[in-house]
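Between the sequences and the hints, there should be enough to build the whole structure, so can you do that?
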Amino acid sequence: MILRLDHEVITEAIPVVGYLHRGLEKLAEARTYTQVIPYTDRMDYLAAMLNNLGYVQAVEKLAGIEVPERAEYIRVICAELSRIASHLLFVATFAMDVGAVTGFMYPFRDRERVLDLFEMVSGSRMTVSYMRIGGVAEDLPEEFLPTLKKFLDDLPACIDEYNGLITGNEIFQARTKNVGRLDPQVAINYGISGPVLRASGVYYDLRKLRPYGIYDRFDFEVPLGKNGDCFDRFVVRIKEIEQSARIIRQAMEQLPEGPIMGKVPKVLRPPKGAEVYHEIEGAKGILGFYLVSDGSNRPYRMHVRAPSFINLGLINEMVRGWKVADVIAILGSIDICLGEVDR
Amino acid sequence: MFGQGLLKGLQITWREFFNKKVTILYPEQRPPLPPRFHGSFRLDVEKCIACGICAGACPNRVIKMDSVRVGKKRQLTSYVMYMQYCLFCGLCVESCNQEALHFTQDFELAKYTREDLALVLAKAPAVAEAAAAGQGEGEGA
Amino acid sequence: MLENLFVAIGDWFNNLGARAGAPYWGDLLELVWILVAILVFLGLGVAMLVLLERRVAGFIQVRYGPNRVGPQGILQTIADMVKLLGKEIIIPRAADKVLFLLAPVLIVVPVVMVFAVVPFGKDMIPIDMNIGLFYFISVASLTTIILWMGGWASNNKYSLVGAMRVVSQMVSYEVPLVLSLLGVVMLVGSLKISDIVRAQEHIWFIFTQPVAFLIYIVAACAEVKRVPFDLVEGESEIIAGPYTEYGGMAYALFMLAEYGELILISALATTCFLGGWLAPFGLTFIPSWLWFFIKLHIMILFFMWLRWTYPRIRVDQLMHFGWKVLVPLSLANIFITGIGMYVYRALGW
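Protein chains in written order, with the working numbering: chain A, 34 to 376; chain B, 737 to 877; chain C, 20 to 368.
Hint data in this document are derived by calculation from the structure and do not stem from the laboratory. For each residue, glycine too, the CB sits at the ideal point set by N, CA and C. Warning: the hint list may mix true and false statements.
[Stated by the list, open to error] A short, non-exhaustive set of chain B residues, derived as facing chain C with CB atoms under 7 Å:
(1) 745
(2) 746
(3) 749
(4) 753
(5) 757
(6) 758
(7) 838
(8) 841
(9) 844
[As the list claims (entries may be wrong)] Beta-carbon label-pair distances, calculated as ranges:
(10) A:327 x C:111: 50 to 60 Å
(11) B:757 x C:344: 32 to 42 Å
(12) A:250 x B:767: 28 to 38 Å
(13) C:38 x B:743: 43 to 53 Å
(14) B:743 x C:108: 39 to 49 Å
(15) C:67 x B:771: 42 to 52 Å
[Unchecked claim] Here are the simulated BS3-like cross-link-like pairs (lysine-lysine), alpha carbons at most 30 Å apart as the crow flies:
(16) B:756 x A:182
(17) A:94 x A:356
(18) A:305 x A:59
(19) B:756 x A:299
(20) B:808 x A:299
(21) A:210 x A:182
Structure, rendered in structure tokens:
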């Protein structure tokens, strides 16, 4: 990021992106629909299940495939676990950006438990490629649900620890309160979404407003912030961890038996000329997949609406007028994932 | 800056000081791996019918396999996986109908040279020669 | 016997000279012995402290610290030293060569000089000056200008900003540091270090001057540039501030000075507030220098505990806190101490 300074105060900030560009959208044009799934993991690699979910739901919309109930519930559990993992990482890196190195270790220790759960279910920790078009790859192993239950039971104590160590710390509050204030109208104009928007007080969560999958069956709240400063963005994400845990508990109770894969043809050929744009509430914001089909078993065009890329466009507006030390706090609080910014 | 927040932070770090450590002393202790772990690969050569579905399923064209027709069946002559391109996604293992390709729990896959990275799972040139000699007009290989 | 071990060795050196008929040589030998002892203490202490810091950091962060090199990682600092010795000290082309190389060399000097007034045990102050405390504070603040010299000589915009921050931070926090120690001096009535320790025979000053102790801890943390005040080296545009252009042994010398300063402020805290080498509860079977050692390490561990818990504060918040909060508080402390002393004397206790 190029910063133009006036003594210690910033006049302009220009993010320079593209250093992690891997050409995933172009690569997807040469792969079949199932082969693209491992590539979607690698965009927002911190919350891989959510990327998978968005993509497979887009393809299912394109080809008109039904997903069985059990697969839907498993998908919700994995997606919310992924959201918890991403927010835990945000807590850790934000604490480290502000200076508390120990605040980096404790959320990572808890994120390890989520990654262990992913390993148990899919074999990989971060780039899971667990979901398939029409369902999920494999059923849950037996030790998954008890381990998940134990993790959810331990989660409130962990969150108390983060609140005690980081959120309640006066030094941290002095660094982040009233820093990087975001006006809700400005946020809407820039197309911001996700926890950044919700921290400014705008009630916009796709899981509530345009429910996809089976999210309309769950009862959860959407935490909102008041001021739109860094502290609010931090607290909103911690509260979202709690709400995700609530969703997982309900999904665990309602989990039915049944097949985990729907009726999918051997070779998937969506109708020619069909196009679809499907959005889900990703961990960083609204994650959208735009797919165009030309009748073959490969997508003709895939475009990803990456929330981090769009949220990053706001940095110039938010950072102007603050000091250099605040830039780090503000940039950290937007929570970008560079894999997503560059794809 | 007089406040409970600072003291609470100190309390938490004091407590964590005496807690059990979460790291393990590798390489003396190994991490416990689940059965589905995506490690290295293992091929059951007897079960493999050399259909080539795994090579087609791979997003990165990691698998290179050769086969030769012996009578009615196809036999595998060479099966190499170029691990520098592998995503460890598991699409190949999932696509195998005969359940010949499996994951192992081996994660220490670092090598010293680029040539060593090619994981040779089956190499049977004798089969190819026998097929070519036995058939007269050899096919493939 | 154990109590006077080091003093006895020093006296033996002195007697060597006296018996040979040249008492000045005896004094000289004794001084050399003291110097060697201090340097060994400083060298080994810093080596152990580097490792201790990393192990303590690891334990607080629920992981092991370095424990591979040598049993429990004791030889880790030696490994680091060997690595740093092998590195090239790159001098930037536009840098002021003389000042650039002079800064790391000079920065160790005030640190070692201050050790002359640290009371390691009973009768074990190397030089017992009448103005011991004054000497301590004044020489310790010489590091400010040397750091600034290093940052300036690097000719790098990040180093310059870092150096400016160093100067502003250290100068602003000298004032509350001195004012908090003034409370102690008022109670003792003298600046001599041995008097300060002896005045705590009945009760340690941490109990009679708790506010001064808290102010001292905060100000001393800021003086040594440790978290939560390490914006000098941790943050300055993310690069290492005035230490940016230094590599290899020059960097090692800066780190030596930093850990030496940590030992010094902990030593000052134990001297002025924790009773120095006096044994609590009358447990005199442990020698005085061992008590000092234990108390020193309690303070060092406390500073490390603070380091690994708190985030950093921003430059303007630092100045605001130093001038607008700590200085009035320490002045109030002096005021109340004065009133307290007057009342104490008037009541005839």
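To see whether the hints hold, each was checked on the structure:
Hint on residue 745 (chain B) holds. Least Cβ distance to chain C is approximately 5 Å, under the 7 Å limit. The interface hint given for residue 746 (chain B) holds, since its Cβ lies 6 Å from the closest Cβ of chain C, which is under the 7 Å cut-off. Given the 7 Å rule on beta carbons, the hint for residue 749 (chain B) holds: about 5 Å separates it from the nearest Cβ of chain C. The criterion of a C-beta within 7 Å of any C-beta in chain C is met by residue 753 (chain B), whose closest approach is roughly 5 Å, and the hint holds.
Annotation: interface hint on residue 757 (chain B) holds; nearest CB of chain C at approximately 5 Å, less than 7 Å. With a least beta-carbon distance of about 5 Å to chain C, the hint placing residue 758 (chain B) at the interface is held under the 7 Å criterion. Contact between residue 838 (chain B) and chain C, as hinted, is not supported at the beta carbon level, the nearest pair being about 34 Å apart and thus beyond 7 Å. Taking 7 Å as the C-beta cut-off, the interface hint given for residue 841 (chain B) is violated, the closest approach to chain C being about 24 Å.
Taken as an interface hint, residue 844 (chain B) does not check out: its beta carbon lies about 18 Å from the nearest beta carbon of chain C, beyond 7 Å. Checked against the hint of 50 to 60 Å, the C-beta distance between residue 327 (chain A) and residue 111 (chain C) comes to roughly 58 Å, which is consistent with it. About 38 Å separates the C-beta atoms of residue 757 (chain B) and residue 344 (chain C), a value consistent with the hinted range of 32 to 42 Å. At roughly 37 Å, the beta-carbon separation of residue 250 (chain A) and residue 767 (chain B) lies within the given 28 to 38 Å, and the hint holds.
Residue 38 (chain C) and residue 743 (chain B) have their C-beta atoms about 59 Å apart, which leaves the hinted 43 to 53 Å range violated. Taking the beta carbon of each, residue 743 (chain B) and residue 108 (chain C) are about 43 Å apart, inside 39 to 49 Å as hinted. At about 46 Å, the CB distance of residue 67 (chain C) to residue 771 (chain B) agrees with the hint of 42 to 52 Å. Taking the CA atoms of residue 756 (chain B) and residue 182 (chain A), the gap is about 21 Å. The hint holds against a cut of 30 Å.
Distance hint between residue 94 (chain A) and residue 356 (chain A) is unfulfilled; the C-alpha atoms sit about 47 Å from each other, more than 30 Å. Proposed proximity of residue 305 (chain A) and residue 59 (chain A) is supported: the alpha carbons are some 19 Å apart, at most 30 Å. With a CA separation close to 50 Å, the supplied pair residue 756 (chain B) and residue 299 (chain A) exceeds the 30 Å bound. Pair hint residue 808 (chain B) plus residue 299 (chain A) holds up; C-alpha atoms about 26 Å apart against a cutoff of 30 Å.
With a CA separation close to 35 Å, the supplied pair residue 210 (chain A) and residue 182 (chain A) exceeds the 30 Å bound.
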